Every structure is written in structure tokens, then in C-alpha cells.
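Quick note, the sequence shown lines up with residues 1 to 511 if you use the UniProt record's numbering.
Simulated from the structure, these hints should not be mistaken for lab results.
Just so it is clear, the structure is predicted and the values come from calculations on it, not from any experiment.
Accuracy of the hints is not assured; some may be wrong.
Quick list of in silico lysine-lysine cross-link-like pairs, DSBU-like style, CA-CA up to 35 Å [unchecked claim]: (1) 377 - 273; (2) 125 - 194; (3) 370 - 356; (4) 112 - 292; (5) 112 - 356; (6) 203 - 273; (7) 292 - 216; (8) 370 - 118; (9) 203 - 216; (10) 401 - 387; (11) 194 - 59; (12) 269 - 112; (13) 401 - 464; (14) 194 - 247; (15) 118 - 194; (16) 370 - 387; (17) 377 - 442; (18) 216 - 368; (19) 370 - 442; (20) 59 - 247; (21) 356 - 387.
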Amino acid sequence: MKKRDVGKFMVLLVLVSIPFIEISLFKASISVNAEYSFYTFVISDWHRWVIGVNISVPKICEVGSYINLIASIKVFERGEGIRLVITNLEASISNVTVSRYVGIFHNEGEAKHGILLKIPLTSSKYSSMPPSTIESDSISISLQGYVEDVNGNRNEVRYSYSIPILLISSPSILMVYMDSMSMNPGNILTIEVKNFDILPLHKVSLALYINSEIYKVYNVDVIQPNESRTFREFLNLGPGIHTVTIKTNFTTSYGINRQHVASTQIIVKSEPKIRIYTNTSSTTFSMPIDIKGYIEPRNTYGVILEYSLNGIEWASIASIESNNSGEFTYIWRPIATGSIFLRARTLETELYREGKSNEVILNIERVKPKITISSDKTELNVGDSTKILVRIEPPMRINVKMLYRVSEEDRWNTYTAFSVDETGSASIPTQFFAKPGRYIFKAVVDETNITRYSESNEVTITVKVATPKTETSMPYQEPFEQQRFRNILIVFIALAALIAAILLFIGRRRP
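Using the sequences plus the hints, can you model the full thing?
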């Protein structure tokens, strides 16, 4: 199978019904009598988004009828950016193209099911097919969209694939083909009627119906063998999907009356009307703004919100969807100051052209953020460290400087510079303090094109020299058993000395 640059995929063709005639198309086995064929392909290189697409299509379709193609799309793995927008699922065969808007995907597991594309098979391309013959053709499938990042930048994505299909012509000896070409305004409908019989056809009458109502009748006395007659009609149709049907009555050379019916669709696109408004026309930088809007005719639309600094060049804010009533809402924090233009536009679909809303002008002033700092510890010993917590209101991503001074001095010194994230929070670790003293900290935001100068509260951290710990010794006390033994020994020695003295005295008294 030929490798495509637009993505890796796999194709799974499920075949049903036997007996069957097997032919080789795109290296897939096809069952002629099978009612539907099922295809699955996986797109894996849309900026790391992995998308699964399932398509079911009738195995054999009759020329003059429709191909009902049903698709479902599911996100297997979330990729880069904040959203994937599939703006168009398109199916083409011959010179007929039908498309549908798919939708917006944010996370793994999200899916769109039951996307129906109804493709008419009435093109004059098939006028060379004799009655009751089978030919092979292919439906070109195309997916288009973009991956949008947090800054509104878009990376276009596209994928295409061909699905084989079998076409069978009607057994009728008379065939009718229709082609439509869009004009501005209106449409040109080309009708071709052809006699495939070896004998002439008589009393040929073509009745043109628009949405089941008779529009015009064309009468032809005789159509010779292999002869074609062509009629062109300008149709000034209103917006919507219009069913065009040709009912042809004729008489064969044997006097048998017959009828042939062929139908197609003409889609006249309209431009939806969009209106947006905001809850305020003037605010400060980073303060939330409610953007609301509604679209008519009421339906579900893919909506792109955009802003501009000059009213000429536009950048995306977000891609959203309206509800079934055509209403939408979005909360946005301005990312610039001055005059900002807002608008909304809808994505083009099979039924609707791209629509643009009114423009809303906002006056965005510079903001003076409220800065609050605190410390985990305010009393330290020399050699210790702590953390200083910073909080910005309203939350925004801006640059902040931390200043400090010692209590005996008036001059402020730069301790560090840092950025807070979109939550407006930061945690700044301090180095260990080498000298005792009272250190005073504060945070400041400088004057910029989006902020005014602002200072935080002051936090004082006292650093001391650690006091040495002194130990008090207790008087030595002998154990009780040692003290008792010593007392007994003293008594014994005293008794021995007394006995010795008595014996010495007695010895001296003897003659």
C-alpha cells in the first residue's frame, strides 16, 4: 500500500455476506453482495494527536441514487496545543463533493458519531455505463482542521484517503443524468437524457420536481438509439438543501410505457447572522470579560473568537461551539492594553458560508496589581533560610522584583527578579543569612505597557546569633549499695582496732 505523507493509518475492511465475487481494489477484498463495508484508519501525526476514524459505506450503489456514507471520529491520544478543531470532513466522487463540519476536541476519549454524508450519483460522468453494468470507482475522503495553541496560533492539519466502491447502472434502457453548477446568484442545472436501446424511444417526457413540487416539463417526441438530449435550467433557489427529481416517461418501439426516476441534491449556502456583545466596554488589564453571542438561523456552529489591535490584523482568542439554539459565551482576560477590537466568525460548512459578527471595541487600561508577601518564618538564626510567598491580584503572568534593606539603612537593594505564573503566585527561597540583624523585604512591579508601578507590604525577618546551651552538673551521689558496704566496713575496722587495743592493754598488765 502506498505510504502517504499526511499520516500513518491502517485500514480494516469488514466483509459480510456470501457467496461473493472477489476483486482486487487498493489491495482489499470486496464482497459484491455485502450490504456495507467498514473502514477504520488511524491518524497519528497531527502534532501528536492520535485520531481514529470509522467509515461505513454501501458495498454497491446504484447510479442515479445516493451514497450514504456514515463516519465517526474519536480521539485516542491528546497531543500538543489546547484543542484540535476538525473543520471539514469531505467526500468526493466524480465531480460531486459533499462536506460536513465535525467539531472541536480537547481531551482523549472525545468523539463525534453518526456524521452522515449523502452523495448523489447522478453525474453525467456515468452516461457511458450501459444498463445493468458494474464499474469500480473510489470515494476520496479528506479531513481538514488545525491544532491551536494557548496563544491562538494554528497549525493546519490535513489527511486524505480513498475508499473503493462498486457502482451498478440501472437496467433501464433510458437514463437521466444531472449536474449542478453554482452561480451567484442561483444554480445552473444540466439535465442529460440518453437512449441505450437499439431502437428509438417515443413520447419522452421529463418532469422536473423541486422539493416534490412540479417545476417544469420537457417533451421530446423521439430519441434515437445512443442519442442524448441535454437541457439546462437556471434555478433561483433559497438557502437550504433542495431535492431535485426527474421523472421520465417514455414509450418503447414495442408500445410499452415505462418510467425512469433520478434524484440529486442542490445545496444553497447561506451566511449566518452573528451578533456579539460584552458585559463592559472599559476595564483594566487581565480583568475577566464576558463575551456572549447568538447566531441565526439557530443551530450548532463552530465559532472562532478573535481580537485585533488595529481592526485589520486578527488573532484567535478561542475556538468554541454554540449550543443548539445558536448561543455561545466565553470568559476572556485581555492580553494587551489600549483599544482592542473583538469579533466572532463561524466556520464554513456544507450549509453555511463563513459568517462574521459585528465588532466590539474595548478600552483596556493598565492595571495596578495588588501585591501581598509573607514569610514562612520571621525569626531566624544566622545560617538559617526561609521562603517568601508572593501573591498578585488580579492573577496574571508578570515580572516582579524582590527588594530588601537592613533596618539601620534606608537604601533598598535588589534581592532577586522573577516571574509569577498565570495564577499570580510565586515562592521565593532565601539564601541563608550570614549576619545578624533585621532584614526588611518588599516586592515591586515596575511601570510597563500593561501595569502601573506597585509595591507590596513589607515583611521583617529578624536574624540572631544562636545562644550557646549551658549544662548544670548535679552533685555526685553514690549508689545505695556502695554506701551501705562502706558503712559496714568502717564499723568492722573500728571494732578490730578496739579489740587490738584491749589485747595490747591486757598484755602489758601481766608480770
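Check: Tell me, which hint numbers fail for this structure?
Finding: 1, 3, 6, 7, 8, 18 and 21
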